[in-house]
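> Here are the chains, one letter per residue:
Protein chains: 2
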Amino acid sequence: MAATLNGRNVAILAADGVERVELERPRQALEDAGARTVVISISSGQIQARDHDLEEAGTFDVDEVVENVSVDDYDALLLPGGTVNPDKLRMVAAAVQFVRSFVESGKPVASICHGPWSFVEADVARGRRLTSWPSVRTDLRNAGAEVVDEEVVTDGNITTSRSPDDLPAFCERIVEEFADASQSAGVTGRS
Amino acid sequence: MAATLNGRNVAILAADGVERVELERPRQALEDAGARTVVISISSGQIQARDHDLEEAGTFDVDEVVENVSVDDYDALLLPGGTVNPDKLRMVAAAVQFVRSFVESGKPVASICHGPWSFVEADVARGRRLTSWPSVRTDLRNAGAEVVDEEVVTDGNITTSRSPDDLPAFCERIVEEFADASQSAGVTGRS
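Keeping their order, the protein sequence lines are chains S and D.
Taking the numbering used here, the leading residue of the first sequence gets 1, the next gets one more, and so forth.
Taking the numbering used here, the leading residue of the second sequence gets 1001, the next gets one more, and so forth.
So here's chain S without its partners, still in its complex pose (with noise of 0.2 Å):
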């Protein structure tokens, strides 16, 4: 894979109960395009991932509190699945402000499975195309999204996937989408 994300720095937003294979794998593919990834959280130290939302599957590290960020400083967000993950961010005021910001930026961002309900909470959705788990879809209708059911849709700067069994295309997708923003918060401290 061409290194087309060089020196792009992208955030990944996660608390414990995130799925492990919707973190790990997306990183992967950023960073083998040449991206810089951040694990940002609601607390320092490590959060606990899941398997299949109920099964123990180790932890990451976590290089951010969310707290102590600005969306000046990164280039693409990406947002993990998992049950109990974004139930957790969506509680914490700063979590919320991040995601909202971020897409009021212009800036690309990508979730998958239940990641989308942070758009529901920091109200992001409306009037956007966008793709969840089947338990998420009547809280993003209802948030005023259109909801389909596809692998992966791209409605503007918002990427979506539905489950794990979307993760090749989904990872194509953010790689080309995030390649496109048109500025590097890297190169430029600000766009």
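Hints may be right or wrong, so weigh each one.
Claimed, not checked - Here are the in silico distance ranges between beta carbons for each label pair:
no., chain 1, residue 1, chain 2, residue 2, range
1, S, 97, D, 1091, 28 to 34 Å
2, S, 156, D, 1146, 28 to 34 Å
3, D, 1127, S, 93, 26 to 32 Å
4, D, 1148, S, 38, 34 to 40 Å
Claimed, not checked - Derived list of chain D stretches under chain S, where covered just means 3 residues or more per stretch with a C-beta under 8 Å from a C-beta of chain S:
no., segment
5, 1080-1088
6, 1126-1140
Simulated from the structure, these hints should not be mistaken for lab results.
Keep in mind that this is a model prediction, so the values were computed, not measured.
Ideal Cβ positions, reconstructed from N, Cα and C, are used throughout, including at glycine.
Starting from the structure of chain S, add chain D where the hints point.
For chain D alone, kept in the frame of chain S given last:
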């Protein structure tokens, strides 16, 4: 406690990820008041319980599968919380229909913590005064509910509470509400 629920059949609808104390303590309170309780789930066998969503906390035996039961056979419905539990229930049409039919029947229904997500999926939150765990409140509001932050709330036939801390008030209230129901399905067969 007086045996005010003698002869009453209470349905407890739950799936994997149920918060242990939110099934166990209300069930004990209902049985202490004379009720018979039945654990209903989306498949047979056992369901996995959790403490604080992430810690393994044993299992509960499933008495009935939701596809095989009728609202007519129960006098009241209890929906415990735990993040993953209602997330699984809301994807099963028979579970959503059971909740909707129960609320529309006028029989008492009670839910705590994340349990009220089932009211969103069944589209029976509209116009109701409800409380829940904080993460669920935006989804309830978007589904048309009037959301409040109180330890226990009864609006018509729906009683809700926010978290395990509210269990003493919740358990006391549901015994009262389930006793007030005008007829017993166990006696009449229909109500």
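> Between the beta carbons of residue 97 of chain S and residue 1091 of chain D, is the distance compatible with 28 to 34 Å?
Once the Cβ atoms are compared, 30 Å apart, the range 28 to 34 Å for residue 1091 of chain D and residue 97 of chain S holds.
> Quick check on a hinted range of 26 to 32 Å for residue 1127 of chain D and residue 93 of chain S, using CB atoms only.
holds, 28 Å
> Closer than 8 Å Cβ to Cβ for three or more residues is the test here. Does the segment 1080-1088 of chain D pass it with chain S?
n = 4 at 8 Å, threshold three: holds.
> Taking 28 to 34 Å as the hint, is the beta-carbon distance of residue 156 of chain S and residue 1146 of chain D inside that range?
holds, 33 Å
> Range first: 34 to 40 Å. Now tell me if the beta carbons of residue 1148 of chain D and residue 38 of chain S are that far apart.
holds, 38 Å
> Between the segment 1126-1140 of chain D and chain S, are there enough contacts, at least three residues with CB-CB distance under 8 Å, for the coverage claim to hold?
Answer holds; 4 residues pass the 8 Å Cβ test.
This entry satisfies every hint, going by the numbered hints stated previously.
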